[in-house]
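Asks: Throw the hints in and build the complete structure from the sequences for me.
2 protein chains.
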Amino acid sequence: MRIALDAMGGDYGPEELITGAILAVKQAGIEITLVGDTDFLRTHIDNLKEDSRVVSSLSLVHASEVIGMDEYPVDAIRRKKNSSIMVAFELQKQGEVEGVVSAGNSGATLAAALRKLGRVKHVVRPGIASMFPTLKRPVVIMDIGANVDCRPLHLFQFAVMASAFSSVYDIEHPRVGILSIGEETGKGNSLVKVTYEMLQKSSLNFIGNVEGRDVYKGDVDVIVCDGFVGNNILKVSEGLAEAIMQMLASEIKKSLLAKLGYFLAKPAFKRFKKRVDYTEYGGAPLLGINGTGIVCHGKSNAQAIKNAILEAVKMVENNVKDKISNDLEKNQFRAVET
Amino acid sequence: MRIALDAMGGDYGPEELITGAILAVKQAGIEITLVGDTDFLRTHIDNLKEDSRVVSSLSLVHASEVIGMDEYPVDAIRRKKNSSIMVAFELQKQGEVEGVVSAGNSGATLAAALRKLGRVKHVVRPGIASMFPTLKRPVVIMDIGANVDCRPLHLFQFAVMASAFSSVYDIEHPRVGILSIGEETGKGNSLVKVTYEMLQKSSLNFIGNVEGRDVYKGDVDVIVCDGFVGNNILKVSEGLAEAIMQMLASEIKKSLLAKLGYFLAKPAFKRFKKRVDYTEYGGAPLLGINGTGIVCHGKSNAQAIKNAILEAVKMVENNVKDKISNDLEKNQFRAVET
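As they're listed, the protein sequences go chains A and B. Note that the working numbering gives residue 232 to position 232 of the first sequence, counting from 1, and the numbers run on in steps of one. Count along the second sequence from 1, then add 1000; that gives the number in the working numbering.
Simulated from the structure, these hints should not be mistaken for laboratory data. We put the CB at the ideal spot given by N, CA and C, even for glycine. Any given hint could be a false lead.
[What the hints assert, rightly or not] As a list, the in silico DSBU-like pairs of lysine-lysine whose alpha-carbon atoms are at most 30 Å apart:
no. : chain 1 : residue 1 : chain 2 : residue 2
1   : B       : Lys1187   : A       : Lys253
2   : A       : Lys270    : B       : Lys1259
3   : A       : Lys187    : B       : Lys1266
4   : B       : Lys1266   : A       : Lys274
5   : A       : Lys193    : B       : Lys1299
6   : B       : Lys1253   : A       : Lys254
7   : B       : Lys1187   : A       : Lys187
8   : B       : Lys1330   : A       : Lys254
9   : A       : Lys259    : B       : Lys1217
10  : B       : Lys1274   : A       : Lys253
11  : A       : Lys193    : A       : Lys121
12  : A       : Lys270    : B       : Lys1266
13  : A       : Lys81     : B       : Lys1187
14  : B       : Lys1193   : A       : Lys217
15  : B       : Lys1187   : A       : Lys270
16  : B       : Lys1049   : B       : Lys1299
17  : A       : Lys274    : B       : Lys1049
[Said to hold, decoys possible] Derived coverage of chain B by chain A (criterion: at least 3 residues anywhere in the stretch with Cβ under 8 Å from a Cβ of chain A; other residues may be distant):
no. : segment
18  : 1082-1090
19  : 1136-1150
20  : 1183-1193
21  : 1240-1252
22  : 1288-1299
23  : 1317-1325
[Said to hold, decoys possible] Have a look at the derived ranges for each label pair, beta carbon to beta carbon:
no. : chain 1 : residue 1 : chain 2 : residue 2 : range
24  : A       : Gln200    : B       : Met1001   : 44 to 54 Å
25  : B       : Lys1274   : A       : Thr43     : 22 to 32 Å
26  : A       : His173    : B       : Ala1249   : 28 to 38 Å
27  : B       : Lys1121   : A       : Arg151    : 34 to 44 Å
28  : A       : Pro267    : B       : Met1245   : 36 to 46 Å
29  : A       : Arg42     : B       : Asp1149   : 51 to 61 Å
30  : B       : Thr1185   : A       : Gln27     : 20 to 30 Å
31  : B       : Arg1078   : A       : Glu197    : 21 to 31 Å
32  : B       : Glu1329   : A       : Met245    : 21 to 31 Å
33  : A       : Val74     : B       : Leu1257   : 48 to 58 Å
34  : B       : Asp1322   : A       : Pro267    : 54 to 64 Å
Replies: Dropping the structure here:
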């Protein structure tokens, strides 16, 4: 299998990305096409002084432009037709690669995927999902920012798409919840109330409303919400986790005894960090596009990039996009009926 | 000054609430009316064996009914006219008390306040705000759950009301942000985009979009969002903080050395807990009602109840409700114009 990596995205530069690609090659024996400024990339590959057998699994495809993190997606892909992300999805369109991974501008990645590959049959609004660590196994939340103004049918389809994706993590009959502000039926805003009824009539394993408090408990496998809410949950969580760690560190620094205590407990802190570290999970899958795409956090290190590439491989192996269209086919009539 | 406390609300029962009232009496020399089943409450007061001078600052008013946490607010206040929360706001209406504090059903508390006191002039939708701890000073977020489907004018008024409330915490010219999914102007859903323009034309100290990531940084004093988003942010934060502490504890328990380390660092952990503990802050103010009301977390302990009562006192002293109507008067024209 061959996956394309947008080698110009991300905050840490191409060497981190290439290292991630090499880790993926070593672990899964796949082939990777690095897309970007080929001269520039070749220098970085040479710098890494890797085994020639590994390097032979990497190929290079040139792209003369790069889309910045702050550019407006639709506008950017229109202007920069030779950007690394557009070229990467063109390769997928041509059948040269089976998936694309990027740590660049997420809106532009989704827009490029849609421009080059289009949507899966029946999908009204493709979106972006993300795995969240919990006290038990991770939960998939969709949408996390691609669709900020949603109608019930959009949310309903997010539930179908995220359920299909969870097969990648070997979750059978995923329990699906809708994010609301109370667990009882009938609680929520008007979007939630209508979507609730559609989900109830669907073939999904729908368990009803879940509250914000339940997100990290791990008693649900898929949570749907509109992209405005999902993005805020994601970013509030990142911000809070960081703030908690900073406050704890500043309190520990105030006393010598506490510093000694921290030193003794350090391996526990490290194990804890590994449990909540998003680099342990893959990236965020683009769901509903007629192909395979993963967008990673800009701050993804090599480990995170490797995991995202392996996630793309699993999405292809599990045929997530066909599963989505089949499941929508099954649920289409019921959805339209509502 | 006299404040009424709904002595039948909350998860920990009347003794915890009465203890909170006594702490407030001792600290601020105010008088408190406990509303509930008077026989029942008198027994609890006697159990506490408090100094008679302190007890003389507590008076009792009978209410024969209680509204449960899961009852539908509007329906509940219609059926239970003699519930503790309805009687408490009736006392405020009659001028017997200047504020009401409750740890009961928050929706019913707001509904009772509106039924008895009505709205402040110009207010379209009263709501509930809450203080969030941050790395610097706390931030006021509004709305946190009373209004789940909002129009731009509602959000705009939340900004005016929450700014007026922040005077209670001695914050002058509070920096106001609108929660969005990107810092740049023009990012957000349609509700945010229209509200943004209204805020820009207002007399408020508007600093633009803030992201979820910024909530806990403390670089903004007031954040506005609709009640669906606000409630989810609040509950996701509570759930995440709990999950982080549980994961950390479970990792520490795995090794004897880590346990010893934790023991040595315990005072630092305690100081940290105090910093993020919501019981250190007051309750959540009802803003836009023509009076003073605070609703507390169901799990409020005596300390939290005391702080909520003192917050109500400060709201009365700072004349928050008149400040709200004045500020809306000033901004009304501009708001309607948009």
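Asks: Among the hints numbered above, which are violated by the structure, and what are their numbers in rising order?
Replies: 1, 3, 8, 14, 15, 17, 18, 22, 23, 25, 28, 30 and 32
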